[in-house]
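2 protein chains.
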Amino acid sequence: MPHPLIPRRELDFLLHDWLRIGDLPAVAEHGRETVDAILDLSEQVAADHFLPHYKDADMHEPRLETDGVHVLPAIGMALREYAALGLFSAGFAPELGGLGLPYIVCSASFAQFAAANIATAAYPMLTVANARLIATFGTAVQIDAFARPQIAGRWFGTMCLSEPQAGSGLADVRTRAERDGEDALGVRYRLTGNKMWISGGDHDVSENIVHLVLAKVPGPDGALPEGTEGLSLFIVPKLLPDGARNDVQVAGLNHKMGYRGTVNCLLNLGEGGGAVGWMVGDPGQGLRQMFLMMNEARIGVGIGAAALAYRGYRHSVAYARERLQGRPIGERAGPPIAIAEHPDVQRMLLAQKAYAEGALALCLYCAMLVDRHGDAPSTALLGLLTPVAKTWPSEWGLAANDLAIQVHGGYGYTRDFDVEQLYRDNRLNAIHEGTTGIQALDLLGRKLLRDSAGWAELRCRIGLTVAAAAKDVTLAPFAVTLAQMWENIALTLERLRAVKQPESAFDNATPFLSAFGHAVIAWLWLDMALVQAEDLALTAAKRRTCRHFFDHEVPKIAAWLTPVDTRGSESKVSAGTFD
Amino acid sequence: MPHPLIPRRELDFLLHDWLRIGDLPAVAEHGRETVDAILDLSEQVAADHFLPHYKDADMHEPRLETDGVHVLPAIGMALREYAALGLFSAGFAPELGGLGLPYIVCSASFAQFAAANIATAAYPMLTVANARLIATFGTAVQIDAFARPQIAGRWFGTMCLSEPQAGSGLADVRTRAERDGEDALGVRYRLTGNKMWISGGDHDVSENIVHLVLAKVPGPDGALPEGTEGLSLFIVPKLLPDGARNDVQVAGLNHKMGYRGTVNCLLNLGEGGGAVGWMVGDPGQGLRQMFLMMNEARIGVGIGAAALAYRGYRHSVAYARERLQGRPIGERAGPPIAIAEHPDVQRMLLAQKAYAEGALALCLYCAMLVDRHGDAPSTALLGLLTPVAKTWPSEWGLAANDLAIQVHGGYGYTRDFDVEQLYRDNRLNAIHEGTTGIQALDLLGRKLLRDSAGWAELRCRIGLTVAAAAKDVTLAPFAVTLAQMWENIALTLERLRAVKQPESAFDNATPFLSAFGHAVIAWLWLDMALVQAEDLALTAAKRRTCRHFFDHEVPKIAAWLTPVDTRGSESKVSAGTFD
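Top to bottom, those sequences are chains A and B.
Residue numbering for the first sequence is 1 to 579, as defined by the working numbering.
Residue numbering for the second sequence is 1001 to 1579, as defined by the working numbering.
Honestly, the hints are just simulated from the structure, not real lab data.
Keep in mind that a hint or two might mislead.
Mimicking DSS-like on lysine-lysine, the simulated pairs with C-alpha atoms at most 25 angstroms apart in a straight line are [stated by the list, open to error]:
1. LYS55/A with LYS1572/B
2. LYS572/A with LYS1556/B
3. LYS500/A with LYS572/A
4. LYS1572/B with LYS556/A
5. LYS1055/B with LYS556/A
6. LYS1572/B with LYS1471/B
The model shown is predicted, which means the values in this text are computed figures rather than measured ones.
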């Protein structure tokens, strides 16, 4: 194994054989050669510059000193290489200095960097999201001043939403923005408040850091507006245009279980009189603006989780083929065999493959929908699938990494191997950018009970897969199972719509998301199994893994739906239960 | 919350209301006061001496220096306190200096220490197991020389089974023991070989360390016998009776993801000519001797995993009651509420309670069976349940700790809170003392397909619970479900017995163990829900948690049985699947 990243044949299968990205106008224009060149480059840079410091960055966390935060120098070197090769800009339009590559190609590229070093890859992911937000909602002057340096990879960006008392509940944000005149960069404010969990909040890698800050403008009475409607978005650079330090202080670093190379800060704004910031777009639009970007950020989290799962899977395969231990059941003599020959280890490898490739397939499918944003059904489907793309890879990618440790036995629990770090890194993904519980409410509430366009499109597409699979003698039984599963989910939704106390419909939103997510992945596995790729071995492996998913995973869907279907409000939990 | 350990009322419920340990002769003799005194003492010592250095021991790992291994001084201080109070000896017979307390009481005591600091608690656990093995199989002279100092807590013990090339596969052990005369301590040997994963393998806490080493005596041709039948057991002390150093060298330390306070060593035996060891019992009995102790060690692993789950649960409850975030669904104004009021958080707390208390119940039930070792059906049932007691708490205790992180949100992912460490610590438990895959083979092969006494006893006891629950209007539906589940498991076993290629019956042994384990815990939850304890609030909470387990967890059993029932040998995995 030259490196443990995602095999190129897998990406080629997903992008070309399965999703047929050649049909996208941007790809048709560039030609497959450009896509190939970007994927080649990404694999090489990820392997050469991101992978080598994976463990070092875990062992040498960022340090806060009097002059700011210092990160492992290898992180900066890798990111400067990334910038020099134009990878920050690849997805931006040519007029912004980019190549105009589709989101799905950028996502496939990002997956390699995330597989190599998720913590280092987080910096460009945040920076690109930041720049895209400014490019979308900012003025031309703001774009020139704050987006272009990020697109060039000279400045990095952050997203400042959470506060110590406001994580999932952004309505309670207390950062205050007071009007302070106007200049060429827009309407100017002075911000005061505390922002928590700021990834990339300070470091010594880039020339400047552009913070995008959610804050509230007080009313005439000086009080902050209630709810999320009062949130506006502000550009707050670390260094002001004149080179002076803005009033943003690092109040402390969070020391995490994993993802340690990504510095995570508590930032104090305005301790010296108010941090200077310029409003993006109109007042009160902050959350809406953030959420347009948040969808892509959520797919990005999913890709990262899938990539960690993939890498753990590849380490497991390599280890299982090398490690000799035990004999076939019933045999007591002869030399020990490779553990990859034991059925239980094969089960653990198949499960990892099903989770990792299923997760990656889902995220790239969603990235494809991002690229089809002109198409209303695609956009509705994207909205529906985004909470799944955030959650399923995070939950099951972690399960894959858990199995990767198990395949390695005691060695997997030591820091001499990478799998324990992959597992620690991946544990974050079910938390940041909206926890699993938050995604479940989004899926069931906003995306299903309140709207139905995405649901209709999903059922339609699943129907096409079922119809095609019904004609394949091996896959036909799975087609029947899949159709029945989705019928069951539809019945569950009908029951939830009929619940007398509407709020109690959400009591088991998370088990519902678990069921829904597995049913989505079952659909995608069946759809992938239908592809007859030129790579016959890969086609066979896809079909075998599809079968594993239907044998071992699909039966769980009914188990998760049971409490959703049966639990009513009579089962409320009394406070004393936990005494 | 004065401390996050296991509440006394929970232990009282399990020991007295549910398991009625007063019926055990040893408890009847001592009286409940002695049990209460031991539990009081354990709680206090665990809270005062084990809990405070939990995080310190994680941050300051054992160090290997030229004079040996040094551990955090607080570990030694805690263990000397533990020894001074007679806790090493509590379970041994009075003639060995102990109190003769039943195993179940010692287990409940151990659970508190494991909850407080699993890594520090591992030292006495290993030492007691070592001393018990010598006390069972050793000569009177060996007992005096090597067991008594451990029972007094002056010397500590280890178990040396694994080697770098032989973990799960002990048949491949290559440590060689050459006969070297005989003395008062028994037949003497010189040992050479490498032992891996030796917990407590060296440290600066106790006066001496007694290694129990599995090794093979070469035949007349100088070759080591094949298979596990050739394994014998040897006492190899770090310091010989004359005070000289034995030929045992620490070749390195394993750096683990968690459990860091427990030093874990690679030991080289015989680099200087041969480590002196005395055989315990007869040649070729090594594995049988180890396994008698291993059953208790496996229950001990389960108790540790359950204790970690319990502590994470208690941290979660405390945090969820304090942390204000969000509003009830449908409300947009008013102050934020405690997250313990959100149904999704309640679900995560209930799940943790169900896992932690279910796991602890299982382990104490098994400990009770250990105490009834004169009774053949109890012994058979203990054999059947031991792989479950090892595995279920390890797998679901980890799931509980995962939820504990999730309840804490981003804070739970930081090292400022204890839950991330609980999660890292607990991840070991599915690996050591026989991985989950090994336990699954033991359950399905040795304990079910080869023998049926334990199965008959289990079905009988479940039948009694079902009959009793059928008379309770609330619990009657669960009784029906439980009976049906066990009928399904019985049918699965019949199918597996009829498999044409017997070895393929084991292909899905691990999903079978998952199903079996959940069905065992469902039985115990129903059995606990039948108890009418004086503590009415606790009784109500048990019934509510039982309901949660039947709503959310029992449906999974069918999902795990599906692949066991359907997968035949036609589904073998070709080697190319993982390319």
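Right, here's what the structure says about each hint:
Taken as a hint, the LYS55/A and LYS1572/B pair is broken in the structure, with Cα atoms around 36 angstroms apart against an allowance of 25 angstroms. Restraint check: the Cα-Cα separation between LYS572/A and LYS1556/B comes to about 22 angstroms, which is no more than 25 angstroms; the hinted pair holds. Under the criterion of a C-alpha separation no larger than 25 angstroms, the hint pairing LYS500/A with LYS572/A is consistent with the structure, at around 15 angstroms. At roughly 22 angstroms between alpha-carbon atoms, LYS1572/B and LYS556/A fall within 25 angstroms of each other, so this suggested pair holds.
This hinted pair does not check out: LYS1055/B and LYS556/A have alpha carbons roughly 37 angstroms apart, beyond 25 angstroms. The hinted pair formed by LYS1572/B and LYS1471/B fails the criterion: a straight-line CA distance of about 47 angstroms is larger than 25 angstroms.
In summary, the numbered hints that this structure violates are 1, 5, 6.
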